[in-house]
Amino acid sequence: MRDVIKMVVVLGLICGIAAALLAGVRMVTMEKIEYQELKFVKGPVIMEVFKGCTNNPIKDRFKLKYNEKEINFFPGVFDGETNVVAFETQGSGFGGDIGMIMAVNLENDTVSGIGITTHKETPGVGARAKDSEPFKNSFNGLSVNEIIRVKKDGGKVDAVSGATITSRGVCEGANLGSEIYKNLKSDILAKLKEIK
Amino acid sequence: MSDYLLMAVSAIFVNNILLAQYLGNCPFVGVSKKMDTAAGMAGGVVFVLTLAGVITWTIDFFLLRHFDLVYLRTIVFILVIAALVQFVETFLKKMVPPLYKGLGIFLPLITTNCAIFGVCIINVRKDFNFMETLVFSVTSAIGFGLALVIMAGLRERMATARIPKIMEGTAVTMITAGFMALSFFGFLGMA
Amino acid sequence: MSIVKEFTKGLWAEIPPFRFVLGLCPTLAVTKSVETGIGMGLMLTFVLVFSNILISLLRKIIPPSVRIACFIVVIATFVVIVELVSQAYAYPLYQKLGIFIPLIVVNCIVLGRAEAFASKNGVVASIADGLGMGIGYTISLTVLAAIRELFGAGTLYGIKIMGPSFEPFTFMVSAPGAFVCLGLILCTMNLFGKAKDM
Chain Z
2 MRDVIKMVVV LGLICGIAAA LLAGVRMVTM EKIEYQELKF VKGPVIMEVF KGCTNNPIKD
62 RFKLKYNEKE INFFPGVFDG ETNVVAFETQ GSGFGGDIGM IMAVNLENDT VSGIGITTHK
122 ETPGVGARAK DSEPFKNSFN GLSVNEIIRV KKDGGKVDAV SGATITSRGV CEGANLGSEI
182 YKNLKSDILA KLKEIK
Chain Y
3 MSDYLLMAVS AIFVNNILLA QYLGNCPFVG VSKKMDTAAG MAGGVVFVLT LAGVITWTID
63 FFLLRHFDLV YLRTIVFILV IAALVQFVET FLKKMVPPLY KGLGIFLPLI TTNCAIFGVC
123 IINVRKDFNF METLVFSVTS AIGFGLALVI MAGLRERMAT ARIPKIMEGT AVTMITAGFM
183 ALSFFGFLGM A
Chain C
558 MSIVKEFTKG LWAEIPPFRF VLGLCPTLAV TKSVETGIGM GLMLTFVLVF SNILISLLRK
618 IIPPSVRIAC FIVVIATFVV IVELVSQAYA YPLYQKLGIF IPLIVVNCIV LGRAEAFASK
678 NGVVASIADG LGMGIGYTIS LTVLAAIREL FGAGTLYGIK IMGPSFEPFT FMVSAPGAFV
738 CLGLILCTMN LFGKAKDM
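Protein chains in written order, with my numbering: chain Z, 2 to 197; chain Y, 3 to 193; chain C, 558 to 755.
In short, the hints are calculated from the structure, not lab data. Wrong hints could be hidden among the right ones.
[Claimed, not checked] Under the rule of at most 25 Å between Cα atoms (straight-line distance), these lysine-lysine pairs were calculated in the PhoX-like manner:
#1 K36(Y) x K121(Z)
#2 K43(Z) x K64(Z)
#3 K653(C) x K121(Z)
#4 K66(Z) x K157(Z)
#5 K192(Z) x K64(Z)
#6 K43(Z) x K167(Y)
#7 K677(C) x K7(Z)
#8 K70(Z) x K128(Y)
#9 K131(Z) x K95(Y)
[Claimed, not checked] Output of the computed footprint for chain Y on chain C, the stretches with three or more beta carbons under 8 Å from beta carbons of chain Y:
#10 566-580
#11 597-611
#12 674-684
#13 709-721
#14 725-735
In this text, all values refer to a predicted model and were calculated from it rather than measured experimentally. Every residue gets a Cβ at the ideal spot worked out from N, C-alpha and C, and that includes glycine.
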């Protein structure tokens, strides 16, 4: 009996120490890991939608809550003014969720760029949406006050040929982005002022 | 359905876990000397990997992700696998003695088989759903078993062959494995 | 004197995985380039040294019946630490090594040293053993990776070595090439005496 107690106590103790140690390391590294993940996974896409900005959008990021979920916002400085803000949004495509970054111009409320970060679309078909310039560029200049659709559905977006479902999924993500933007615009502006 | 079939063919032949993904090489070298031990190990791996894949996926999906403890995956998975192997061993010993006789001695070795742990990690890293996890676990294990059994067949032949002195032992096994991997490359066009 | 011996045996007499054929999976998988080879070697050395220290310290209080479970918990803890730290400070390396960082947990070398050495010897000897084995493993991985990267891509640590007329021998960086290359290295080692048979 004594052996069993000793066994349980020692094993429990080791597990306890291990858990405490790991929680500590996790606390120390958490912020750094988040930054690294943004930099290497989403960073290239963010820089793509922010071509020519003069700040480091990832470093200047801030968080706001929308529908109980925290969303990262990245401000972009052009010509000395913070006039574009990008944030994460998502749509559902053929193979699952499509993670997106959407940039909106704060002055005239139009989309200034979209980029796709993560997706599970079919290689060679839906996956082409990630790198298709004509497709992504056709979002630019659309107002967040209109519903974004592909041309087939009566909208203005050039769908990727053969990948209507993926293209619709990205439009869905953009519309969700418009909702987020419209709901949080005052908070975003307040936050930007605060940072300044 | 065709998706699952494609996944199965890919896991067994094209992306064979041993020959293309480099997982589970220790038992591959260690227990491939004789056909019957290789077959026993293959059976044990299919059995444990199927259970482990499904159980770790369930824990990950309902507990770790839910409580934001994904960083503890490694430690939780290895403990679950170790406990599972222990449990399977006791269970088979009591309830299915013939099966225990066949697989028993391989079970402790399976705890540190990286194929088991590796597949469990791949399942959750690739965001598989439950069915995908099940199919991927079973077929990966079958792929492992297939490569192991073929290797054992080759090594039984090699035991009687004359091998250059400096190539004896693990060296010739590795080179044979290399050519096996090369022949499995032939399946590349299939999926 | 014996401490020196514990350290140096990992560098030649029992150098893993060439002499002491354990821990093959990462040996084959991460040696496509020198960078990943060295990275994996150093991570394994860290886990090996610290798990050896802890297990050696705890060897008197761990009951024999649950020792494997205790070893696994200790090793897994250090692996998770490596995982988190590499994620925070060396993200590109973390991405390249992928699932092979968590797989250090099931690397037979670590559990093997814990069971065969650290649970029976003092702290200083265990550190020497862990350090020797870890550095030996790093050297092995670097050698294998250097050969594969040089012939497979014409570079070493990302720096171009071969001239412009060199046609990369891609077989070397593929899976079959890994097996054959390791097999040939084992042949070379056999020239200097037979490896421990498994």
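Outcome of the hint check:
1. For the hint pairing K36(Y) with K121(Z), the CA-to-CA distance comes to about 42 Å; that exceeds 25 Å, so the pair is violated.
2. Using a Cα cut-off of 25 Å, the hinted pair K43(Z) and K64(Z) holds, with the two alpha carbons roughly 16 Å apart.
3. For the hint pairing K653(C) with K121(Z), the CA-to-CA distance comes to about 20 Å; that is within 25 Å, so the pair holds.
4. Taking the CA atoms of K66(Z) and K157(Z), the gap is near 30 Å; set against the 25 Å cutoff, the hint is violated.
5. Only pairs whose Cα atoms come within 25 Å are accepted, and K192(Z) paired with K64(Z) is accepted, the gap being roughly 9 Å.
6. The hinted pair formed by K43(Z) and K167(Y) fails the criterion: a straight-line CA distance of about 54 Å is larger than 25 Å.
7. For the suggested pair K677(C) and K7(Z), the alpha carbons sit about 20 Å apart, so the restraint of at most 25 Å is met.
8. Note on K70(Z) and K128(Y): the hinted pairing holds, with a Cα-Cα distance of about 23 Å set against a maximum of 25 Å.
9. A hinted pair counts as satisfied when its Cα atoms are at most 25 Å apart, and K131(Z) with K95(Y) does not qualify at roughly 54 Å.
10. For the stretch 566-580 of chain C, the stated coverage by chain Y is satisfied: 3 residues place a CB nearer than 8 Å to a CB of that chain, which reaches the threshold of 3.
11. With 0 residues having a Cβ less than 8 Å from any Cβ of chain Y, the stretch 597-611 of chain C misses the three-residue criterion, and the hint is violated.
12. Taking a C-beta to C-beta cut-off of 8 Å, the stretch 674-684 of chain C contributes 0 residues in contact with chain Y, too few for the three needed, and the coverage statement is violated.
13. Counting residues of the stretch 709-721 of chain C whose beta carbon lies closer than 8 Å to any beta carbon of chain Y gives 0, which falls short of the minimum of three for the stated coverage.
14. A count of 5 residues in the stretch 725-735 of chain C with a Cβ less than 8 Å from any Cβ of chain Y is obtained; the coverage claim is therefore met, three being the minimum.
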